Structure formats: structure tokens, C-alpha cells
Amino acid sequence: MAWEEELKRAICEGEEEQAERIVSAALDENINPWEILERGAIPGIIEAGRLWQEGEYFLPDVILATEAYNQVSVALEPLLSEGERRGRGSVVIGSVEGDAHEIGKNIVVAMLRGSGYQVTDLGIDVEKEAFVESVRESNPDVLGLGAYMTTTMRRMPEVIQSLIEAGLRERVKVIVGGAAVTEDYAKKIGADGYGKDAAQAVSLVERLLGGG
Amino acid sequence: MDAKAGFQLGVLRRMARGLAYGVGWRRDGLDGYERLIAAIYGQPDRVPVLMQPYTYAMRLNRLSARTFFTRPRPFIHASMNTARYFEVDFWSPVFDFYNIEVEALGQTLIWREESEPDVDTRRPLLPERESFSKLKPPVPGKSGRMPFVLESYERYSELMGVPPIVYACSPFTMAVLIRGYVNLIRDVRRHPAFVHRLMEFLSMEVVVPWIQKMAEKVQPSMVTMSDAWASQPNVTTEMVREFCLPYIHKIIAATSSPTRTVLDTGSWGERWVKDFREVLDIKMEMMVPGNRFPALRPFFLLVWNEDYEEVGISHVRGYAEEKRVCLMLNFSPNLIEEGPVEAILEMVRKLLREGAGKGRMVLLLNLVPMGTPPEHLHALVASVKQWGNYPIAHDLDLLPLKIPEKPNYGIWREKEGLPVDES
Chain A
2 MAWEEELKRA ICEGEEEQAE RIVSAALDEN INPWEILERG AIPGIIEAGR LWQEGEYFLP
62 DVILATEAYN QVSVALEPLL SEGERRGRGS VVIGSVEGDA HEIGKNIVVA MLRGSGYQVT
122 DLGIDVEKEA FVESVRESNP DVLGLGAYMT TTMRRMPEVI QSLIEAGLRE RVKVIVGGAA
182 VTEDYAKKIG ADGYGKDAAQ AVSLVERLLG GG
Chain B
957 MDAKAGFQLG VLRRMARGLA YGVGWRRDGL DGYERLIAAI YGQPDRVPVL MQPYTYAMRL
1017 NRLSARTFFT RPRPFIHASM NTARYFEVDF WSPVFDFYNI EVEALGQTLI WREESEPDVD
1077 TRRPLLPERE SFSKLKPPVP GKSGRMPFVL ESYERYSELM GVPPIVYACS PFTMAVLIRG
1137 YVNLIRDVRR HPAFVHRLME FLSMEVVVPW IQKMAEKVQP SMVTMSDAWA SQPNVTTEMV
1197 REFCLPYIHK IIAATSSPTR TVLDTGSWGE RWVKDFREVL DIKMEMMVPG NRFPALRPFF
1257 LLVWNEDYEE VGISHVRGYA EEKRVCLMLN FSPNLIEEGP VEAILEMVRK LLREGAGKGR
1317 MVLLLNLVPM GTPPEHLHAL VASVKQWGNY PIAHDLDLLP LKIPEKPNYG IWREKEGLPV
1377 DES
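Sequences listed follow chains A and B, in order. If you're matching positions, the first sequence starts at 2 in this note's numbering and goes up one per residue. If you're matching positions, the second sequence starts at 957 in this note's numbering and goes up one per residue.
Source of the hints: derived by calculation from the structure; they are not laboratory data. Computed from a predicted structure; not experimentally measured. Some hints could be false.
Over 10 Å on every C-beta distance to chain A, these chain B residues come out as not near it, computed from the model [as the list claims (entries may be wrong)]:
id	residue
1	D987
2	T1023
3	R1145
4	V1174
5	R1197
6	G1268
7	A1338
In silico SDA-like pairs for lysine to any residue, Cα to Cα no more than 20 Å straight-line [stated by the list, open to error]:
id	chain 1	residue 1	chain 2	residue 2
8	A	K197	B	E1266
9	A	K197	B	P1289
10	B	K1230	A	G56
11	A	K189	B	A1299
12	A	K197	B	P1189
13	A	K197	B	V1229
14	A	K129	B	R1068
15	A	K197	B	E1265
16	A	K188	B	N1290
17	A	K197	B	W1228
18	A	K188	B	G1295
These stretches of chain B come out as covered by chain A in the derived footprint (C-beta under 8 Å, 3 or more residues) [stated by the list, open to error]:
id	segment
19	1071–1079
20	1136–1142
21	1188–1194
22	1281–1293
23	1323–1330
For every residue, glycine included, the Cβ atom is placed at its ideal position computed from N, Cα and C.
With the sequences and hints as input, model every part of the structure.
This is the structure in C-alpha cells:
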């Protein structure tokens, strides 16, 4: 089997050690890092997303695929050019203040990276000021807010309000997601879009940035 | 007869009345507790509403999270006031029950002023598998907030005249909380023997002694374990069968008795699998062995709104009827909060029409978001009370509704509530 297929399968099946070995061997053979990502790693994470959407994969399968992809992308990222890193657009993402849940967000991050976006992950329990500061500093195309609990999703409109007050709302598309959030809620708080799961979040970003 | 025996006799009498009504011996009216029992085993006079006041009670009574989740009297009094104000049939003293055992093991929590404490997922108690050897079982009833739980349950029993439904965290969810989800998923694939050792420890050295201690203190007739992390799609059904079910069965075998049902309500995820019955089958397996007295089986099948909205209420009702089990359906927390009242009433009609059948249905208010306007809850409870009588009317749309006028909560509490300070 060619290295591309092996890497795609290793990532899709969440075999991170095997994926790292394949990447290392490919680099030893002077294969371009961007090519390794584009022909092996990205198809692997996209395949995992497809299987998830079709109901073949459960969360553990996606998590392990995500982990393997992240491992590979961390190794390859320093070797990429600035243009390659910037990719198709940029996204800042985080779980809102009070929310310590990160699994769903991490999957969205991996899927977005796997789809060629540059993602800044602010982590969990992120205060609204930190979101605003990050939008001001890095000028992303999209800001993603995640909330897992009905108690914490009330922070989402506060972030949007802070963006308005800072005069930054028009500069960035705001998308929301997480177990507690619904499409109706997203509309009500004035978000630009809602993603039910990671795959939908990627499609949404593509649509908002005019690529889908 | 001593007070303890008198208390238990009183409980048995009320259970018997509820049970007798449920199966057709209808001599007397029912109180809320009896209505719940009647609904579990047959047809009550109407669908009962069971409430978990939780953080809504905290907000309504203007208590901080520290006070509400650590002090028995404010916690119980605020919860009871809330349940009485909204006139639900029965209420359950719910705190952050996923955290009690893990906190007692040494897991750090994040505390905030206005919401329930949460496990600090950035600092799992078992960051490496090797840390497992250092783990010491809690001292049941003494470690962490276990004394708070026991005292709260005792206060509840004093006030209500029946023991509370008591809660324990299922071992799989506990394993996720102290090990971290991703770590545990990796362990399942690469070190399954370790996961089994961890599950055995959490089941037999943490959960069982804790349930036994609670049983000794408050003689509950029902102990429920909850297993949020064992939901689909968090885990596959195969994983549940290998890593959850055997341990649930061990715990049930070690702690249930003819007068004490111990069960796992399972979690959610019917909408995530190709055949929703697969998840319901697992829930049945987590519940059916719960009582040693076969006539008291099964107890109830709990299905959450996200699932029944997608799978269809009538389908889960069909499954429940086939298995002759009570169907417990929660009411969408988002809908309670966002309303409007007419949308809430429409959902009540739908739940009654498609879910109430000829009995064996309980409506659960598991979470009332803190921002919920009281009038939403008043309308919801009034509509179930006026429309939920058996047999359920065919023309629910035409039935009138009178929402009782109530003073605002503060005024009501002054006159009729319990004090929520330490007095």
C-alpha cells in the first residue's frame, strides 16, 4: 500500500503511533510536508468525519482519529510555509466562560484544521474579554463559541454583545455549537450560524466564507 | 414501635396505597408520592409531575452555589420551597450527584458563584495509568461532601415523611471524570485490562460502600445511578456491554433488597443509533435486575427530550408498552425557559397524547434553567394537572385551562416557605 493510503487509514482508525511512523518515513524520503498533509492526513480525518456523519463512527472513533491527526499536524506545521499555514481562512474558537467541556470543541478544531483552516484554539472556560481580544489581535474570519450546558450557553450573547461594543462584530462571522445549543437559540442571539456537530461546523464555515 | 420503624411502616403504607391504586384498587385519592408509585406500576388518577429543583431553586432563593451545594438545610429548604410553590407532585433532592464520589476520591472541582460545581477536566485525578495504584477509596459518609449528602437526605425524610430517591454516580462515568474521556477511550482500545481493574475498584470499593452507607442512614426505597458518559455517541453499545453493564449488575447484586430498588437509569443516545431499541434494550438491562422481588420489576424507562423528539414519542411509548414498563419523559429545559406559554402547552398536549397511554407515564422536570420565568412553570404544571387525567381526553385542544394566580415567590416564601438560611 502506498504511504498516502497507509497514512489515511492510520489517521482514520486513530492509530497515532503508526501515523507518526509513516510521516517520519515520508519526510525521510523528502516528501514535501504539505503533500503529506494533503494526500494522507487530511483525507484520513475527512474520512473519519464522513463515517461519523453516516453513523458508522461513534465519538471514540472520531476522538482517536482527531488525536492522530493532531499529532501529525503538530509535527508537520513548523515545516509548512506561512501561506500553507494560513490555508483557506482563519478561525478562533473556544468554550465560553464557565464551560469546562472540550471534547466537542477539540473535534471541531481537528476537523477544521483537517479541512485546511488555520485555527486558534483558546481552550475552555474562556472569558468574553479574551474572545474580543483575540478577534482584535488576529482578525479571524470566523469566531466559534461552544457551550455544553444550558447554564453556560447564556454567555454566548454576552460575547456577541461585547464584540458589538468593541466595534468588531462586523469584522467576524460568529458561529455557535455544543450540546445545549439549538439553531433557534443561535438565531435568537444573533449568531451567523449554528453547527449541530463537527462536520456541520466545517460545512458552515465553508458556506460563510463563500467556499461551500 | 420506635420512630425508625414507624417511619418505615408509613412509607410502606403509602407505597402499598400507590401500588394498589395503580393496579386497579381505587378506594382512596392519591397524594403526590402515591401518584408516582401508581404511575410506575399502572394507572394513577393522572400523570404525575416529578421535579428536580436543582439550580433553579438556588437562583429563586438567591443562594450562592457554595451555600446551596454544601449546606444541607438551605439546600433542602430551597428545593422544597420551590417544589411546593409550583405544586408539583413529588420532588427529588438533586445536587451535583456526578461529583460526590469523585470529589471524595480527591478529584478537584471548579466552583463558581452561580452554577453547579464541575470537575476540573484540566486536572484529572488519574492523568497516567500508573496513578491508579495511589488511589484510596473514600471513607463512606465522611470524605468530601458525603456528609452534606447524608444530612440533606435526613432532612428531606424528616420533612417529607418518605425517604428521597438517592443518587450515585455510575462507575463508568466516574472513570471518565477522574481519568479524562480521551485517556479512557485510549485505554479501552489499548489497555482494556486496566479499564476493567479501574471499573472493578470504582464499583466495589467506591459505589457499593457509598450506597450501603446511604441505605443505612436513610433507608431509601430507590437508589438510582446515572451514567451520562455511557451515552451514545460517547461510547458504542458494544463498549457499554463490555465496560458498563457487568459492573452495574455487580453493584445492584451487592446493594439491592426486596425493599430497596437499585438501578441505573442509563443515559441518552437513542437518536444516535440505527435502531433506537438497541439503546432502550440496554436501559432495560440496567434496570430490570434492580429489585429482588420480581413483582416490583421493572421500574421506569427514562428517555430524554432530545431523543424522543427525534425518534418519536409514540415509538418509545410503543416500546414501553411492549415491555410493560413505566415511561419517564423529561420536559425540554430549553422550551421551559424560552417558552412562550403556548408552545409549552402544545408540548404538554403532545406528551399526553402520544406518551401517556393508559398509565405508566411520569413527566420529569429534570432541569429548569435558571432564567425560566415562573409563569412558564405555573402553566406547565397546571396544564398537566388539568389535562393529564386518565383516560386522556381525545380533544385536548378544546379543553380549557385555568392557571392559578400565585403571589410572587418572595411573598409566598415569607408566608408559607421554609427558611433558607441556617436557622
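Going down the list of hints, with the structure as the test:
1. D987: holds, 31 Å
2. T1023: Its Cβ never comes within 10 Å of chain A, the nearest being 17 Å, so this holds.
3. R1145: Label violated. Min Cβ-Cβ 7 Å, cutoff 10 Å.
4. V1174: Non-interface label stands for V1174/B: nearest chain A Cβ at 29 Å, farther than 10 Å.
5. R1197: Nearest chain A Cβ is 13 Å from R1197/B, so the label holds.
6. G1268: Holds: least Cβ distance 18 Å, greater than 10 Å.
7. A1338: holds, 23 Å
8. K197/A / E1266/B: Holds. K197/A to E1266/B sits at ~14 Å (cutoff 20 Å).
9. K197/A / P1289/B: The given pair, whose Cα atoms are some 18 Å apart, holds under the 20 Å limit.
10. K1230/B / G56/A: holds, 8 Å
11. K189/A / A1299/B: Measuring from Cα to Cα gives roughly 16 Å; hence the hint holds.
12. K197/A / P1189/B: holds, 14 Å
13. K197/A / V1229/B: Status holds; Cα separation ~16 Å.
14. K129/A / R1068/B: holds, 16 Å
15. K197/A / E1265/B: Satisfied, since the Cα-Cα distance of roughly 15 Å is no more than 20 Å.
16. K188/A / N1290/B: At roughly 14 Å apart (the allowed maximum being 20 Å), N1290/B and K188/A satisfy the hint.
17. K197/A / W1228/B: Distance ~13 Å between K197/A and W1228/B Cα, so the pair holds.
18. K188/A / G1295/B: Given that 20 Å is the threshold and the Cα spacing comes to 15 Å, the pair holds.
19. 1071–1079: With 7 residues closer than 8 Å to chain A, the segment 1071–1079 of chain B meets the three-residue bar; holds.
20. 1136–1142: Holds: 4 residues of the segment 1136–1142 of chain B have a Cβ under 8 Å from chain A.
21. 1188–1194: holds (count 5)
22. 1281–1293: Contact hint for the segment 1281–1293 of chain B vs chain A: holds, 3 residues under 8 Å.
23. 1323–1330: holds (count 4)
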